[in-house]
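Trainee: As you go down the protein sequences, you meet chains A and B in turn.
In this text, residue positions in the first sequence follow this note's numbering: the first is 2, and each later residue adds one.
In this text, residue positions in the second sequence follow this note's numbering: the first is 383, and each later residue adds one.
Please note that the accuracy of each hint is not assured.
Stated by the list, open to error - Computed list of lysine-lysine pairs in DSSO-like fashion (alpha-carbon distance at most 27 angstroms, straight line):
#1 522(B) x 50(A)
#2 434(B) x 45(A)
#3 434(B) x 67(A)
#4 561(B) x 50(A)
#5 532(B) x 569(B)
#6 401(B) x 67(A)
#7 569(B) x 50(A)
#8 45(A) x 449(B)
#9 470(B) x 44(A)
#10 449(B) x 50(A)
#11 390(B) x 237(A)
#12 50(A) x 565(B)
#13 50(A) x 470(B)
#14 512(B) x 45(A)
#15 512(B) x 565(B)
#16 569(B) x 45(A)
#17 569(B) x 67(A)
#18 44(A) x 532(B)
#19 563(B) x 45(A)
#20 44(A) x 522(B)
#21 184(A) x 390(B)
#22 67(A) x 418(B)
#23 417(B) x 44(A)
#24 563(B) x 50(A)
#25 449(B) x 67(A)
#26 166(A) x 569(B)
#27 561(B) x 44(A)
#28 44(A) x 565(B)
#29 44(A) x 512(B)
#30 481(B) x 401(B)
#31 45(A) x 567(B)
None of these hints come from the bench; they were simulated from the model.
These numbers were taken from a predicted model, which means no experiment stands behind them.
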Amino acid sequence: MNNPNHISQEEFERIEQYILGSMSASEADLFREELEQSEDLRKKHAEVKALISAVEEGALRNSLDKFHQDMESESSGPAPVKKLTPWFWSAAAAIALVIAAAVWTLYPQPTSHERLFAQYFQEDPGLITAMSSEGQYDFDRAMVDYKSGNYRDAIRRWETILLEKPENDTLLYFIGSSHLALKETEAAISYFEKVLLLPEGRFTEDNYWYLGLAHLREGRMEEAKVNLANSTHPLKDQLLKTLEEK
Amino acid sequence: MQQYTFEKYSQEEIIEGIKNNDSRMIQVFYQSQYKKIEQYILANNGDPEDAKDIYQEAFVVLWRNIKLEKFHPENGTAIAGYLYQIAKNKWLDKLRNAKNKITVELQPNLHEAEEENEPETEAYHQWVVKEFENLGETCKEVLKRFYFQKESMEQIASAFDWTSATARNNKYRCIQQLKEKWKTKTK
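One chain only, chain A, in its complex shape (with noise of 0.2 angstroms):
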């Protein structure tokens, strides 16, 4: 390893492409022939998958010394702000009331529904996978996308399945999950409506209550209500109270 030969560019991508698995398998067979063949080859390819796992290595430490730093930033709070002059103070005061001011009046305000929607909608934690079994890769591989937040891969990934499967309300109520996390309420509700022409299962009752909550995101307080009532949630009688109030 002391003196390594020179490896071209296209040597290189070769021998790599063998390690990490990304050449077809007859491209393979013919490079394990020549590999035992050549001597020469064999040096390389030594050299070329030492480097390669070192350079992931490397990477993964690089990587966690970003979660660390991320981590000590937010346990050590905001940074300190400097002091300021109290005139500063007033004219900051100042700037920030007719900045408000503007902003009041040029946007829309959030109606009184998406505020309530806001309040209690909290979304499914998902399943817990197994990350095993052959047929189950797939639906399992989408969980773990929904549950760190990748909504949309987890509505691709569930919506090949679904092609096979599409009476599946498992399926259909996580993908209804992931457009209603997306704030795309009227997919949603499509999805849990179709939940609901199925036998009832074990989503049933919480498929009312976030097809209510979708109603409710829209303004069609008497189609929340209903689905609404027919959950079994935790906070339905407190949410209904108020929608009773209004």
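Assemble the complex: chain A is given as a structure, and chain B must be docked to it using the hints.
Mentor: Positioned in the frame of chain A, the structure of chain B alone reads:
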């Protein structure tokens, strides 16, 4: 019975995430376990800097062993105990080495999986790992995206506003930089 163990994730999801270098999952797990290990090291003559170093060393060992399929959890939270044990052993080793260099193996089975390479290969590995930090920001980002985050050349090209060909050439150049530095060092 599975549980939500680490924030919203189960141990299986964390293991799968580590295998795939899923940044989000690694971050959640990294941050969820740090306090415990920091407390241990602070309570045993260490400072926060020691805690961070030891924790990261232990985390890298865990990551490597998971990738090499050397970690077989016995229960739903085994991964946390495993990481704690590696960190603890590393810290005890360090304390012992500082004191008269007397080494007593407490739990040899946790050490054996760590370093199996030939000394020469291991030295090269450690050198590249360290030298990675000294690359320019662009090289670091390109190599990280390709070798760690497993992004495609097309994804990298669009992130930097390059053509795919430029992205490939730049990746090769960054690798060449590491090789050149090694050559200069061993001349």
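Trainee: Hint by hint, which ones does the structure fall short of?
Mentor: Violated hints: 2, 5, 9, 13, 17, 23, 26, 30; rest satisfied.
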